[in-house]
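Undergrad: Starting from the structure of chain U, add chain W where the hints point.
This is what each chain is made of:
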Amino acid sequence: MSNANLKSHALYWAMLAGVAVVQIGLLVKIIFDRQTLLTTGREIVMQVQPVDPRDWLRGDYVILGYGISPVSMTAEQNGAPLDSITPGRTVYATLHAGADGVWTVKRLTPAYPAGIEPQDVAVKGIVQQRWRGRQSGDNQFTIKYGIESYFVPEGTGRQLESSVRDKKIQAIIAVGAGGEVAIKGLIIDGERREATSVF
Amino acid sequence: MWGSRKRLTDDINRWRAAGWVTSEGEEHILREIASAKRGVGLASVLGILASVLLGFAAISFVAAHWQDMPRLSRLALLFSLIGGGYGVAGLFAWRGQRLFSDAAILFAVIAFGASIALISQMFHIDGNPPDGVLLWMLGAIVAGVALQSHPALALAMVLAALWAGMQSGQSGAVHWPFLVAWTAVTAAFVWQQWRPGIHIAGVALSGFIITLGYLLDTGYRHELVAVTGVAGTALAIAASKLRPDTEAIAAPVLGYAIAVAFAGMFALQFWGFTSSGELMFLAAVTLAFLLAAIWYGVTMQHRGAVWLGYIGFSIEILALYWKTVGTILDTSLFFLVAGLIVAGLAFMAWRLAMRSTPQEVTL
Numbered sequence: 001m002s003n004a005n006l007k008s009h010a011l012y013w014a015m016l017a018g019v020a021v022v023q024i025g026l027l028v029k030i031i032f033d034r035q036t037l038l039t040t041g042r043e044i045v046m047q048v049q050p051v052d053p054r055d056w057l058r059g060d061y062v063i064l065g066y067g068i069s070p071v072s073m074t075a076e077q078n079g080a081p082l083d084s085i086t087p088g089r090t091v092y093a094t095l096h097a098g099a100d101g102v103w104t105v106k107r108l109t110p111a112y113p114a115g116i117e118p119q120d121v122a123v124k125g126i127v128q129q130r131w132r133g134r135q136s137g138d139n140q141f142t143i144k145y146g147i148e149s150y151f152v153p154e155g156t157g158r159q160l161e162s163s164v165r166d167k168k169i170q171a172i173i174a175v176g177a178g179g180e181v182a183i184k185g186l187i188i189d190g191e192r193r194e195a196t197s198v199f
Numbered sequence: 001m002w003g004s005r006k007r008l009t010d011d012i013n014r015w016r017a018a019g020w021v022t023s024e025g026e027e028h029i030l031r032e033i034a035s036a037k038r039g040v041g042l043a044s045v046l047g048i049l050a051s052v053l054l055g056f057a058a059i060s061f062v063a064a065h066w067q068d069m070p071r072l073s074r075l076a077l078l079f080s081l082i083g084g085g086y087g088v089a090g091l092f093a094w095r096g097q098r099l100f101s102d103a104a105i106l107f108a109v110i111a112f113g114a115s116i117a118l119i120s121q122m123f124h125i126d127g128n129p130p131d132g133v134l135l136w137m138l139g140a141i142v143a144g145v146a147l148q149s150h151p152a153l154a155l156a157m158v159l160a161a162l163w164a165g166m167q168s169g170q171s172g173a174v175h176w177p178f179l180v181a182w183t184a185v186t187a188a189f190v191w192q193q194w195r196p197g198i199h200i201a202g203v204a205l206s207g208f209i210i211t212l213g214y215l216l217d218t219g220y221r222h223e224l225v226a227v228t229g230v231a232g233t234a235l236a237i238a239a240s241k242l243r244p245d246t247e248a249i250a251a252p253v254l255g256y257a258i259a260v261a262f263a264g265m266f267a268l269q270f271w272g273f274t275s276s277g278e279l280m281f282l283a284a285v286t287l288a289f290l291l292a293a294i295w296y297g298v299t300m301q302h303r304g305a306v307w308l309g310y311i312g313f314s315i316e317i318l319a320l321y322w323k324t325v326g327t328i329l330d331t332s333l334f335f336l337v338a339g340l341i342v343a344g345l346a347f348m349a350w351r352l353a354m355r356s357t358p359q360e361v362t363l
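The listed protein sequences correspond, in order, to chains U and W.
Number 114 in the working numbering belongs to position 114 of the first sequence; there are no gaps in the numbering.
Number 97 in the working numbering belongs to position 97 of the second sequence; there are no gaps in the numbering.
The shape of chain U in the complex, shown without the other chains (with noise of 0.2 angstroms):
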């Protein structure tokens, strides 16, 4: 082998490897950035139906529906123009706990909403749909915000489901400074079902 040859070997070797470390790396950051939403996002807890187990390659998942997903809204509740929420934009939810602890939406933004109220919380999703309500003036959004699915052990999807018909079931979600959103776990007729963490 001549002295060329080894040296584009040794080249070689040294591609692959940044590669592979670029790839890994990738994977790695997201996974620290997740966990670091994790366990330093604003934890807020959200009822929500299980509807319609799937699954798929990544194994069985539970659909979570959101009170929040679908929103309904006019200019003039939203003190800002709605111009700009339109399907596939991200958008930014305020929400407000009410009373009875149910988080609803109160202004949507196109950006992150200044000056919110410290008890309220801004959550960042992407519009899938718009249409017009039946009132003048109000529209009608659904909004995706990426916490809908949970992932479950293959085959006990359907059995999650049923098991939580009859009883009540709430998400927890962790809320990182920029609205971003993660589920930490269910709780389950008041039982707390988490996931550890990776490191």
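Since the hints were made in silico from the structure, they are not lab data.
All C-beta atoms in this analysis are idealised placements derived from N, C-alpha and C, irrespective of residue type, glycine included.
Keep in mind that a hint or two might mislead.
[What the hints assert, rightly or not] A short, non-exhaustive set of chain W residues, derived as facing chain U with CB atoms under 7 angstroms: (1) F79; (2) I82; (3) Y86; (4) F123; (5) N128; (6) G132; (7) A146; (8) S171.
TA: Below, chain W without anything else, positioned relative to chain U:
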């Protein structure tokens, strides 16, 4: 031997000049290299398929044993699949089997994508699925460029199309950032002078341009598609006339431009409401364009243009028949006129051929 073939050719040139190999020896060596490159087609295809299958096997194994494994071990397993893929790629390259090394790289890139999905599952992430595809594509581009791996780049282009498709599906609008991804991957194809890559890029861009007609404004801007296609056709012809050295790229571009132009013209004629006068005009333009494509293809020996012209011509005629059926007299008149025009063209082409090759005329 995984170093570039060009460098080897240069080396041999130098060795002959130095008198270490005879010019006859050089010829033999060059022929040997060329035949070796061609003979491994099947092996490389099977290697790629095997790596895809192995990728799926590994991923389903991880998915199936998911809950039994502590989280940290799951992550360790995913990372070792990626690292292992690149390690095996290095071993194959070391042994001079570049094709199998490419297959192992593809395996690692698939494992990277599956890891994104499985980590999303682990953390219940389902924010925006296209973001996951985008990240996967970036990983594939890094591998494709740094390791000069053609399969990884091909996968990157597929992922770019998937990413744009998912985003457009959500928003119902054109996903312009696709062009950035397309340019990056295509630049890598051109840089590596990989011919099939040019075709993959052509298919992806054609698909993107054709969907513009359905996504822009009111969802009916097919005239833009048709004009883009015709402009592309003209550019490709001009390029191959003025700069014959660009033929390697201009020739495939011509084929895709013809397909895009026809797709736009077809949608204009048959997807919207057109008066019969408009339809006749558009049909005449379309048929003239397709005949021109066939004529160019025949005279310039561009087989793709000939075939696209024939296929387009057949589709056009069938669609016209469906659209105008009901007024049989009109249909009959149209086909009569079209038939006479084509017959006239055939006669002119025959006369031209006679004149250019008089020595073959033995009537």
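Undergrad: It remains to establish, for every hint, whether it holds in the given structure.
TA: Results for each hint:
1. For W/F79, the interface hint holds, the least distance from its beta-carbon to any beta-carbon of chain U being 5 angstroms, beneath 7 angstroms.
2. Interface hint at W/I82: satisfied, since its Cβ lies 6 angstroms from the closest Cβ of chain U, which is below the 7 angstroms cut-off.
3. At a threshold of 7 angstroms, the smallest CB-CB gap from W/Y86 to chain U is about 4 angstroms, leaving the interface hint in force.
4. Against a cut-off of 7 angstroms between C-beta atoms, the interface hint on W/F123 holds, since the closest Cβ of chain U lies about 5 angstroms away.
5. Hint on W/N128 holds. Least Cβ distance to chain U is approximately 6 angstroms, under the 7 angstroms limit.
6. The beta carbon of W/G132 comes no nearer than 9 angstroms to any beta carbon in chain U, farther than 7 angstroms, and the hint placing it at the interface is violated.
7. Nearest Cβ of chain U to the Cβ of W/A146: about 5 angstroms, under the 7 angstroms cut. The hint holds.
8. Using the Cβ-Cβ criterion of 7 angstroms, the hint placing W/S171 at the interface with chain U is satisfied: the shortest such distance is roughly 3 angstroms.
Violated hints amount to a single one, hint 6; each of the other numbered hints is respected by the structure.
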